[in-house]
Amino acid sequence: MISIQLAIMIPFLAAIITPFFYKKLPRIHIGWFVLTVPIVLFISLIRFIPSIAEGKAYINTVQWIPSYGINFTTYVDGLSIIFGLLITGIGSLVILYSIYYLSAKESLHHFYIYLLLFMGAMLGVIFSDNLMVLYVFWELTSISSFLLIAFWYHRKKSRYGAQKALLITFGGGIAMLSSFLMIYIMTDTMSVREIISLIDTNHALFIPALLLLLIGAFTKSAQYPFHIWLPDAMEAPTPVSAYLHSATMVKAGIYLVARFTPVFGSHEVWFWLVSSIGLVTLFWGSFNAVRQIDLKALLAYSTISQLGLIMSLFGIGSIALQLGASENSIIYTQASFAALFHLVNHSTFKGALFMVVGIVDHEVGTRDIRRLGGLMAFMPVSFTIALIGSFSMAGLPPFNGFLSKEMFFEAVVNVSQSDIFSIHVFGLLFPIIAWIASVFTFIYCMIIVFKTFFGPYRPEKLEHEAHEAKVGMLIPPIILAALIIGIFIFPNMLGDYILRPGLASIFPSLSLEGSYEPISIWHGFNPALWMTIGVVVIGIVIFRIQSRRKSLYIPPGKWTFDQLYNSTLEQIELRGFKITSFYMTGSLRDYLVYIFLFLMVSVGGIFLFTDAFTFDMSSNAPITLYESLIVFTMMAAVIAIIFAKSRITAILLNGVLGYSIALLFVLFRAPDLALTQLVVETVTTALFLLCFYFLPEKEKEDTAQKTKSVNVIVSILVGIIFVSVALSVQGGKLFETISAYFENAYELAGAHNIVNAILGDFRAFDTMLEVIVLFIGGIGVYTLIKLKARKEAENIENQ
Numbered sequence: 004m005i006s007i008q009l010a011i012m013i014p015f016l017a018a019i020i021t022p023f024f025y026k027k028l029p030r031i032h033i034g035w036f037v038l039t040v041p042i043v044l045f046i047s048l049i050r051f052i053p054s055i056a057e058g059k060a061y062i063n064t065v066q067w068i069p070s071y072g073i074n075f076t077t078y079v080d081g082l083s084i085i086f087g088l089l090i091t092g093i094g095s096l097v098i099l100y101s102i103y104y105l106s107a108k109e110s111l112h113h114f115y116i117y118l119l120l121f122m123g124a125m126l127g128v129i130f131s132d133n134l135m136v137l138y139v140f141w142e143l144t145s146i147s148s149f150l151l152i153a154f155w156y157h158r159k160k161s162r163y164g165a166q167k168a169l170l171i172t173f174g175g176g177i178a179m180l181s182s183f184l185m186i187y188i189m190t191d192t193m194s195v196r197e198i199i200s201l202i203d204t205n206h207a208l209f210i211p212a213l214l215l216l217l218i219g220a221f222t223k224s225a226q227y228p229f230h231i232w233l234p235d236a237m238e239a240p241t242p243v244s245a246y247l248h249s250a251t252m253v254k255a256g257i258y259l260v261a262r263f264t265p266v267f268g269s270h271e272v273w274f275w276l277v278s279s280i281g282l283v284t285l286f287w288g289s290f291n292a293v294r295q296i297d298l299k300a301l302l303a304y305s306t307i308s309q310l311g312l313i314m315s316l317f318g319i320g321s322i323a324l325q326l327g328a329s330e331n332s333i334i335y336t337q338a339s340f341a342a343l344f345h346l347v348n349h350s351t352f353k354g355a356l357f358m359v360v361g362i363v364d365h366e367v368g369t370r371d372i373r374r375l376g377g378l379m380a381f382m383p384v385s386f387t388i389a390l391i392g393s394f395s396m397a398g399l400p401p402f403n404g405f406l407s408k409e410m411f412f413e414a415v416v417n418v419s420q421s422d423i424f425s426i427h428v429f430g431l432l433f434p435i436i437a438w439i440a441s442v443f444t445f446i447y448c449m450i451i452v453f454k455t456f457f458g459p460y461r462p463e464k465l466e467h468e469a470h471e472a473k474v475g476m477l478i479p480p481i482i483l484a485a486l487i488i489g490i491f492i493f494p495n496m497l498g499d500y501i502l503r504p505g506l507a508s509i510f511p512s513l514s515l516e517g518s519y520e521p522i523s524i525w526h527g528f529n530p531a532l533w534m535t536i537g538v539v540v541i542g543i544v545i546f547r548i549q550s551r552r553k554s555l556y557i558p559p560g561k562w563t564f565d566q567l568y569n570s571t572l573e574q575i576e577l578r579g580f581k582i583t584s585f586y587m588t589g590s591l592r593d594y595l596v597y598i599f600l601f602l603m604v605s606v607g608g609i610f611l612f613t614d615a616f617t618f619d620m621s622s623n624a625p626i627t628l629y630e631s632l633i634v635f636t637m638m639a640a641v642i643a644i645i646f647a648k649s650r651i652t653a654i655l656l657n658g659v660l661g662y663s664i665a666l667l668f669v670l671f672r673a674p675d676l677a678l679t680q681l682v683v684e685t686v687t688t689a690l691f692l693l694c695f696y697f698l699p700e701k702e703k704e705d706t707a708q709k710t711k712s713v714n715v716i717v718s719i720l721v722g723i724i725f726v727s728v729a730l731s732v733q734g735g736k737l738f739e740t741i742s743a744y745f746e747n748a749y750e751l752a753g754a755h756n757i758v759n760a761i762l763g764d765f766r767a768f769d770t771m772l773e774v775i776v777l778f779i780g781g782i783g784v785y786t787l788i789k790l791k792a793r794k795e796a797e798n799i800e801n802q
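In our numbering, the protein residues as written are 4 to 802.
Heads up, some of the hints might be wrong.
Estimated spans, in silico, between C-beta atoms of each pair [unchecked claim]:
no., residue 1, residue 2, range
1, GLU773, THR64, 44 to 50 Å
2, VAL715, ILE210, 53 to 59 Å
3, ILE664, GLY589, 31 to 37 Å
4, ILE664, GLU746, 20 to 26 Å
I should point out that these hints are in silico values taken from the structure, not numbers from a laboratory.
This structure is a prediction, so every number in the text was calculated from the model and none was measured.
Each residue gets a CB set at the ideal place from its N, CA and C atoms; glycine is no exception.
The task is simple: from the sequences and hints, build the whole structure.
In structure tokens:
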């Protein structure tokens, strides 16, 4: 079997190679090369199914930062294999679909690079056992999805949607990272498998870690109130929407909740947050889906709704961990089983619907429900796929969504009758909210079918004449439609080999063998079936009433989370501009003041905090009269520069400083340094005089007294800090000096002059590189001079 580490890296390697194939083989669509990646990975993952169905798991570790417990450890079990198959399987169909959907004029190599990066990141998330590695891949999914959503970056809405998705999911990622660090503090391990047995529910950090982890999961899976990024992300190309927002990225948050259910699921807070937020999201998404006039926006809100359904099931299923190994716990594990079942079903019918909507938009040029209608006669295959996908999402037989939806109804009915976690107080709300949301779900599913494919055909409102899509674009949704029906007919093939091993991964502490009956299509006239019948009857009535309205769209209210998000960004931008304008004055003097103040606060503060200001001058050499005279001369020159009224005077006074330093080198018996200083100072003074000769006359500056006072104070304080640091460093030697090593220059380098030995031998490479830099600079100057001379000669010849 292929190594999982290699499987994760293959998409990244393919992303590196893709540009070269794109340039070398321009006549071959780059998508055909990219298509081989998910197909190979899907086949490789299928080979794990038999052994995982028997209860095996595969662990492999590649050391990365072992000193900090951060290693690239992968863990393949029943839960991760479900998501792995969805990522690679749906990914294969989406890439095939994109080959026919995207125009050859698009920047295809960029599109497929981003898609491969996302695929590899998602595989890294689901197979990583190490918390830090999981986080790295988690954030990489946010970055790659940002690039995919903004693929049509020339559109303002695409840029806005990409930014919104990145900010919200990245913020959730930071919260998740904080949770991971708390978990590490509690358990002293980065391994998810080990955390399950080491977590202490009574630890003070347990609840904060739980809350922060759920924030990360809710933001990624578009749970209320973080759902606002998903509708705007629909500005991405349809293949991106079909892949990221139905089958993969939004499922990352679902995966996180499922994976950490054994860690936090036994706590009451986990149950209430996951189940209640899921139900609220289910209702709010379905309610808003009915109000949309754009088919893709409708599917966006339907995705939010369905993700809420799955999330609520995982919350209900977590009760089993509180009950332990008992008969009642099996009832609630069925809820988690239904969550996994609906997870797969949702990927099939929502992927098919996104592709059909993309086909409609591609062929007729609009997704506006008010302009569509009568397409069944012109697009019979697309209509059939839309019918299958919509009816499956509505929970009607003979489609797979019916089976998992019935399990959902059973779960909410069961939990309403439970007495654990004080559910009896609000328990009745579970089936009521679920039923109302299901009515809205039924209505928007009917809107997709009947408003698009039935009714009068109005070609004058369409951009193109309606016609069926190419066969290549139809194959992927046809495969998904076939899976929808196939899973309904043979549900236990999926249940026995894929779903049950996944359930065992969520409840490793419970014995689930022989606890379940096979999935059956008919359960008799139970409460779940009556709820379904009620959904259909009430849904048809409301749909017929709503169909009489000319417009389905209801404008959003003034107070929405979208408005809150936009106003928050506007305030941040406004405040940021004001703060930036405060210190970015355009004045070099102000910038120097900021730099010096920061230097004083940081260096002076550290020295004060560490008691590093220690002065020991007992071992200093005595200061002679000549040295004192030179120092006082330098001080006088510095003060005089401040009050100099002409540039020439300031340059000459600056030269006094340089030559005085040279004299100090002479007194300290360093003639080579003195000679170097004299040469450098002479050249510098000459260059200053040459430059200032061509500058305009210096205008008289009218500097405010306050500015002069600040300059004086800052200058004095900087001088005090530097002198204090220099004296402290001299008096507080923490380490043995290295000068003793260089004092032995004659034996080490055969040199009588220690300075020459340091420059020519000990720092030979440094000196050589400095010479090379000067040499390169000289070449540049010579080239510019020659080019100018050549251009002038050409101008003369042309004249």
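Outcome of the hint check:
The given range of 44 to 50 Å is respected by GLU773 and THR64, whose C-beta atoms sit roughly 46 Å from each other. As the Cβ distance of VAL715 to ILE210 is approximately 55 Å, the hint placing it in 53 to 59 Å holds. The hint said 31 to 37 Å for the Cβ distance between ILE664 and GLY589, and at roughly 34 Å that hint holds. Distance hint check: the CB atoms of ILE664 and GLU746 are about 24 Å apart, consistent with the given range 20 to 26 Å.
Taken one by one, the earlier hints all hold for this structure without exception.
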